[in-house]
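A.B. asks: Fit chain B to the given chain A structure using the hints.
Same order as they appear, the protein sequences are chains A and B. Numbering (this note's numbering) for the first sequence: 802 to 1296. Numbering (this note's numbering) for the second sequence: 17 to 170.
Treat the hints with caution; some may be incorrect.
[Said to hold, decoys possible] Below, computed lysine-lysine pairings styled on DSS-like, alpha-carbon distance capped at 25 Å:
| no. | chain 1 | residue 1 | chain 2 | residue 2 |
| --- | --- | --- | --- | --- |
| 1 | B | LYS96 | A | LYS1224 |
| 2 | B | LYS19 | A | LYS1224 |
| 3 | A | LYS1185 | B | LYS98 |
I should point out that these hints are in silico values taken from the structure, not numbers from a laboratory.
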Amino acid sequence: MDLIHGIIHSLTPYNLLYCFLGCSLGTLVGVLPGLGPAATLSILLPMTMYLDPIGSIIMLAGLAYGAMYGGSTTSILVNIPGEAASVATSWDGFAMTRRGRGGKALWIAAVGSFVAGTISTLGLSFIGPGIAKYALKFGPPEYFGLLVLSLTLIVSLSGTSLMKGLGAGLIGILLTGIGLDPVTGITRLGFGVIGLMRGLDLVSLTIGIYGIAEILVSAEAGLAKIYEGKLGKMMPQGKELKKGLLASLRATGLGFPLGLLPGLSPIVSSFLAYDMEKRVSKHPEKFGTGVIEGVAAPEAANNATAQAGFVPLMCLGIPTNPVNAIILAALMLYGLKPGPVFFIQNKEFVWTVIGSMYIGNVMLLILNLPLVGFWARVSTIPYKYLAPTILAICMVGAYSSRNTLFDVWIALGAGFLGYIMRKYEWPQAPFLVGFILGDMVEISLRQSLSMGGPLIFFNRPMTIVFLLSAVILVFLSLKFFRRLPQEVLKGKSDG
Amino acid sequence: MKKVVLIEGLLLVGVSLVGMGEGLRLVILKDPYTLYDPLGPGFYLIAISLGLMTIGGAHLFWHSTSSLSMEWSPVDRKMKIKMAFTVLSYILYLFLIRILGYPLATLFFFILGFKIHGVKSWSFIVLLSLIFSAFYYLIFVHYCHMVFPRGILF
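Chain A with its partners taken away, still in its complex shape:
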C-alpha cells in the first residue's frame, strides 16, 4: 500500500520533471567518459539545496542509476568506458561493434539494464528491509575472500600468456599502493611528487589505458571509421535474444545481493557477472570476440548493484559506494537520518523516492531504446572528426574527478602504456582489474589480519567457501585455457 502511495506521489508533475532531469543527466554523464556520477553528484549537490528534499533526492538517485545505463554506450561504440563499471561491457560490446552488431549490443545493454533496475527496485521495495541485516554479518575476512574470488578473473583475461596477465595484474595492484597508506596514513611510493601523494586516480587510468590508447592505435592503423560496414539490426532475435535476457536475469541475481554489501561497487559485480557468464557458457572461448551475454551480464549486474545500494543506504544508513555516500550527504543536509527507523519516520519520503525509481527505469528505457540508433550512428562518423573530440573529452574526464592537470598527464602516460601493451600483446584488462580491486583487497586483508591473524580466514565458513572457490576456479581456468587456440586467446586479451 505504501508503495502504491509512493508511486502515485512520484507521478506529480514536479517529481516527474526531477526524475526526468536526473535520468537524462545520468545518461549524459554515463556517456561522457570520465565524468562519473560521483563527480556530477558532488557538483550538483550545492544546487539541489534550493530544491525541495523529495525532488532533489529523486533527481540525484535518477542520476546515480541513469549513469549505469549511459555508461555502456561509449564502451560499446568507441571502447572508452564511460564508467569504470562499464569496463567489462567494452570487452564484448566493442567487439560486437567492430563486427557490425553495435546496435544489438546497445539494445541488450539498455534492456538488460532495465530488467536489472526494475527487479532490484522490486527487491528494494519488498525484501530490502528484511535482508539488509545480513549485510552486517559480512566482515573484512568475507570481503577479502570475495575479492580474491574476483581477482581470479585475471587468469581468464590473461590472453596468450598467463605470465603477462599475472604481471599486468600485479602491477595494477602495486600501483594502488601509490599515495597514502589506508591504515597508517604514511605516504608510499610518492617519491616526493605531490601529485602522487594523493594516489593514482582510477578515472584517469581507465581513460588512458582504454580511451587514449585506442585513439593512438587507431591513428597508427589509419582507421577511417570506427565501424566501416552496416550497423545491422538493433533488436537481437531468437536464440540470441533469449541468451541475452537470460544472462541479464542471472547477472541481476548476482548483482543485487552484492549491492547490499558495503564497499562492493557496481565495478566488482560487473566483473564477477562477466566471469560467471563465461563459466556457465557452453562456448566460453567466444567471450571477448563479441557475444551478447558478455554485454548483457555486466550491464545488468552493475545496474542491479547500483540500485541495490539503496537498501543498506535507506535501511541502515550505510553508503555502499561513493555515489551513495553523496546521496547520504544530501539526505543529511536536509536533516534526514537514514537508518532502521527511516522507513517509519519518513514513510512518504522513502516510498516516493522508491516509487520514482520504477518510473525512472521506464524513463531510462524510453530515453535509451529509441536513441540506440542515434548513439549507434555516432560510430559511422569518420574517425578524423571523432578522434580530436574524443581526446578532448578524455582530457575533461581525466581532469574532472580531482580538478588537477596532473591526472591528465597520468591519463596520457597510461594511454602510452596501453598503446605499448597493445603492441606487445600485454593484456590491459588484468591490469585494470588489479588496479580497481587492489585497494579493497589490501584494506580487507589488513583489517582481517588485525582482527585475528592469518587463522581468521579458517574460522569463517563464508571466507573458506570463497577462497576454495577461487582456487578451484583458477585450476579450472588453467585447464580450460590450455585447450584454446592462440587466435582465440589473442582476441580475449585485446579486451
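C.D. replies: For chain B alone, coordinates are given in the frame of chain A:
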C-alpha cells in the same frame, strides 16, 4: 633469448625492485608511534613486489625457451608520424591550458587535431573547431561549473 622478452622480464623485475625498496624503507624507517598493523605500510608492498619479481623471473625463463609468437602488421611510416603528432598535440594542449586557459587551448587543440587526422579544408577545420570548443565550454564550464586553469596570460 629474445630481446623483447628480455626487456619485458627486466622491466617487471625493475618495477618489483622499486616496490620492494619502498617497502623496505617503510619497514626499516617505521615510526614507532604508528598503529600496530601486521602487514604495516611496508610488508604489503614487499609481498606484492615479491610476487611480481617471481612473475618477471618466470616470464624470462618461460618465454625465452617457448616459441611465443608476436606478429604485428608492419605500420606505414605516415601513420606512425600521425600517431606521434597525436601524442605531441595532446602534450602541447596540456601546456597551452596553463598558458592560454581552457577555451583558447581547446580551440587550438581542435585545429591541430583535425589537421593531423586528415581534415583537408582549413576553413572547415576552423569552423568545426570553433563549434566544438564553444560547445565544450558551454557544457563543461557554463553548465557543469567545472573550474579549469584560466591561463597565465589572462
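A.B. asks: Indicate, hint by hint, whether the structure satisfies it.
C.D. replies: Now for the hints, and whether the structure bears them out:
no. : hint                : verdict
1   : B:LYS96 x A:LYS1224 : 13 Å, holds
2   : B:LYS19 x A:LYS1224 : 15 Å, holds
3   : A:LYS1185 x B:LYS98 : 11 Å, holds
Checked against the numbered hints given earlier, the structure satisfies every one of them.
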